[in-house]
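Undergrad: Sequence:
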Amino acid sequence: MKVFKTCERRLTHLLHSGTRSRPSPATASIGNMAPRLSDFKESQIDALHRLFLTPPAIAARLRPRPDKTRPSYKTVERFLKNRGKKRVFKKPGPARTISPKLERRLIRHVITDRRKFFISEKNRVKRLAFAREYVHKPLSFWKNVIFSDEKIFRLDGPHGYNKTYQRTQGPESAPTMRRHSGGGSAMFWGAMSWHGLSTLHRVQGSLNAEGYRQVMLNVMMPWALELPWRLDQPDCPFIFQQDNAPGHAALSTRELFDTVGIALLDWPARSPDLNPVENLWAIVSRRVHWQGRQFMRLDDMLPVIYDCWRTEAPEYVEALFESMPRRLQACIDAGGRQTKY
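All letters in the sequence shown, in the order written, are residues 1 to 341 by full-length UniProt numbering.
Treat the hints with caution; some may be incorrect.
Only pairs whose alpha carbons sit at most 25 Å apart, straight line, appear in this in silico SDA-like list of lysine to any residue [as the list claims (entries may be wrong)]:
no.: 1; residue 1: Lys126; residue 2: Asp333
no.: 2; residue 1: Lys126; residue 2: Ile107
no.: 3; residue 1: Lys85; residue 2: Pro56
no.: 4; residue 1: Lys122; residue 2: Ala319
no.: 5; residue 1: Lys85; residue 2: Ala47
no.: 6; residue 1: Lys126; residue 2: Ala313
FYI, nobody ran anything at the bench for these hints, they're computed from the structure.
Turn these sequences into a full structure, and let the hints steer you where they fit.
TA: Shown next, in the form of structure tokens:
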């Protein structure tokens, strides 16, 4: 017993006389909150506990903190009880009512919904009425329709995408660039029919009503009149589709179509998923920016766009036209809301 007391006194003197780290404000007690023990205090408690001292005895032998107080024996007891365990800090608030799996599903559903375009109740009714009117049209009807739209290409990646694929292996690996406004962009107008694709026309600046009429007169009409249409309707051999952009829906543009005698497809607003040319543009965009490809100048990107439109896009035309009944049926099944297309 005498030897044990001697060892205890020597160890206690060594702990109190050793070099200590200066206690930080975070280790001091704040109000009624339990004090946080420093690493030095924890080592002291651990050493005294090996001498088979009780928590009250250990608390009594610890040197006081700057505020003249010592950790209570409850603090020492709690440290010895939780020693070696992972500290888990409980979050404030009520208990969870959903499982982690359900939470992940809800987050994924919200992220997916954010990618969808908004469809008002008025437009939903119009989409549903359009789908019901044309869902039973045969393929021969759609073969006489020209689908058209514009597309923007950026140097840094596909327009409208927040994430792009990046090659991380191989000799062509390179970091992804992010420049202001995508580093530069170019807008194109294009159209597709059952008989082929139109000339890809680059739009300079914004496409207002006057610029759109020039595209119709100089690009669309010369190309469309040379296609081998079935002359079931001598007055108008084809039906032209366009969305409801301001330049398309302008009064002067519609007067041009009436004067020339071109029939327009009564296209509902907010319906890019029903337009197959949107899928064609997406295919071209993926080919241009395949595996995260980026361009330094427009002169480098433009030949790639023209080549993809001329060589790779035509092979998808017939399949996209054949998908029209399925698109309209999907719109009906969704009640006029967005479809998977």
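Undergrad: Decide, hint by hint, whether the structure agrees.
TA: Status of the hints after comparison with the structure:
no., hint, verdict
1, Lys126 to Asp333, "14 Å, holds"
2, Lys126 to Ile107, "31 Å, violated"
3, Lys85 to Pro56, "22 Å, holds"
4, Lys122 to Ala319, "31 Å, violated"
5, Lys85 to Ala47, "18 Å, holds"
6, Lys126 to Ala313, "31 Å, violated"
Hints 2, 4 and 6 from the list above are not met by this structure, while the remaining hints are.
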